[in-house]
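Residue numbers (my numbering), protein chains in the order written: chain A, 1 to 116; chain B, 1 to 110.
A couple of the hints might just be wrong.
Okay, the calculated beta carbon distance ranges per label pair [stated by the list, open to error]: (1) N70/A - R61/B: 33 to 43 Å; (2) K22/A - S24/B: 28 to 38 Å; (3) A77/B - R63/A: 39 to 49 Å.
In the SDA-like style, the derived pairs of lysine to any residue whose C-alpha atoms are separated by at most 20 Å in a straight line are [what the hints assert, rightly or not]: (4) K42/B - A92/B; (5) K59/B - M46/A; (6) K42/B - M46/A.
I should point out that these hints are in silico values taken from the structure, not numbers from a laboratory.
Given the structure is predicted, the values throughout are model-derived calculations rather than measurements.
No residue lacks a Cβ here, since even glycine has one placed at the ideal position from N, Cα and C.
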Amino acid sequence: ETGVTQTPRHLVMGMTNKKSLKCEQHLGHNAMYWYKQSAKKPLELMFVYSLEERVENNSVPSRFSPECPNSSHLFLHLHTLQPEDSALYLCASSQDIRGGAADTQYFGPGTRLTVL
Amino acid sequence: EDQVTQSPEALRLQEGESSSLNCSYTVSGLRGLFWYRQDPGKGPEFLFTLYSAGEEKEKERLKATLTKKESFLHITAPKPEDSATYLCAVQAYYGQNFVFGPGTRLSVLP
Numbered sequence: 001e002t003g004v005t006q007t008p009r010h011l012v013m014g015m016t017n018k019k020s021l022k023c024e025q026h027l028g029h030n031a032m033y034w035y036k037q038s039a040k041k042p043l044e045l046m047f048v049y050s051l052e053e054r055v056e057n058n059s060v061p062s063r064f065s066p067e068c069p070n071s072s073h074l075f076l077h078l079h080t081l082q083p084e085d086s087a088l089y090l091c092a093s094s095q096d097i098r099g100g101a102a103d104t105q106y107f108g109p110g111t112r113l114t115v116l
Numbered sequence: 001e002d003q004v005t006q007s008p009e010a011l012r013l014q015e016g017e018s019s020s021l022n023c024s025y026t027v028s029g030l031r032g033l034f035w036y037r038q039d040p041g042k043g044p045e046f047l048f049t050l051y052s053a054g055e056e057k058e059k060e061r062l063k064a065t066l067t068k069k070e071s072f073l074h075i076t077a078p079k080p081e082d083s084a085t086y087l088c089a090v091q092a093y094y095g096q097n098f099v100f101g102p103g104t105r106l107s108v109l110p
């Protein structure tokens with residue numbers, strides 16, 4: 001599946017490191033999302049971008065900083081993370097349909113993040 | 001508040017043993033209900049979108065149905081390769097965001 005790609009696939013970092021996750025979508029979509037998936041918990045929405053503007057920030061700690069330079073690329077900048085931030089980070093994209101029709105999201109393979 | 005629950009939490013089936021997974025939801029106006037399949041360590045793979053009560057969709061051994069309060073994912077004669085976690089999500093009419101359920105972990109034994 002190459003519609004939504006994420007790099008790196010695995011990342012191990014210390015609490016004082018700074019790293020970035022990258023997501024790219026090849027589907028011509030206008031909306032992109034970051035989710036966090038922890039063990040035994042439902043997917044948690046972190047950020048939503050529509051046409052490169054942030055439209056939602058679900059009270060995410062400031063140690064996570066998103067960036068959306070264009071409608072095809074999305075980054076998640078990480079700094080001074082905590083061990084409880086270890087999780088699978090998923091990127092998704094959608095057409096951003098308005099007016100009532102359902103807007104299917106398509107996911108990338110995820111980045112498995114481990115914070116030591 | 002929009003909510004999604006799924007049952008059972010885990011299900012073990014023998015190959016060929018048909019069963020159903022349940023997704024119950026509470027939402028103020030349904031825009032769409034979505035089913036995804038997720039393999040360990042991978043991203044969710046889209047299966048179906050259902051829009052209104054009474055709608056049904058099929059793909060190979062999977063069939064999804066929708067009522068006003070719940071959706072079922074029926075698995076007919078499953079094979080070991082159907083083993084995965086199945087996620088359900090809803091999108092409310094007034095919003096863009098998805099609310100996901102916790103998933104059902106399905107194991108199909110040969």
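Verification of the hints:
1. Hint check: N70/A to R61/B, Cβ distance near 40 Å, so the stated range 33 to 43 Å holds.
2. As the Cβ distance of K22/A to S24/B is approximately 36 Å, the hint placing it in 28 to 38 Å holds.
3. Checking the proposed 39 to 49 Å range against A77/B and R63/A shows it holds: the Cβ atoms sit about 48 Å from each other.
4. Our distance criterion of 20 Å between C-alpha atoms is broken by K42/B and A92/B, whose separation comes to about 26 Å.
5. As the CA atoms of K59/B and M46/A are separated by approximately 31 Å, the hinted pair breaks the 20 Å bound.
6. A C-alpha spacing of about 18 Å is found between K42/B and M46/A, which places the hinted pair at or below 20 Å, so the restraint holds.
Hints 4 and 5 from the earlier list are contradicted by this structure; the remaining hints agree with it.
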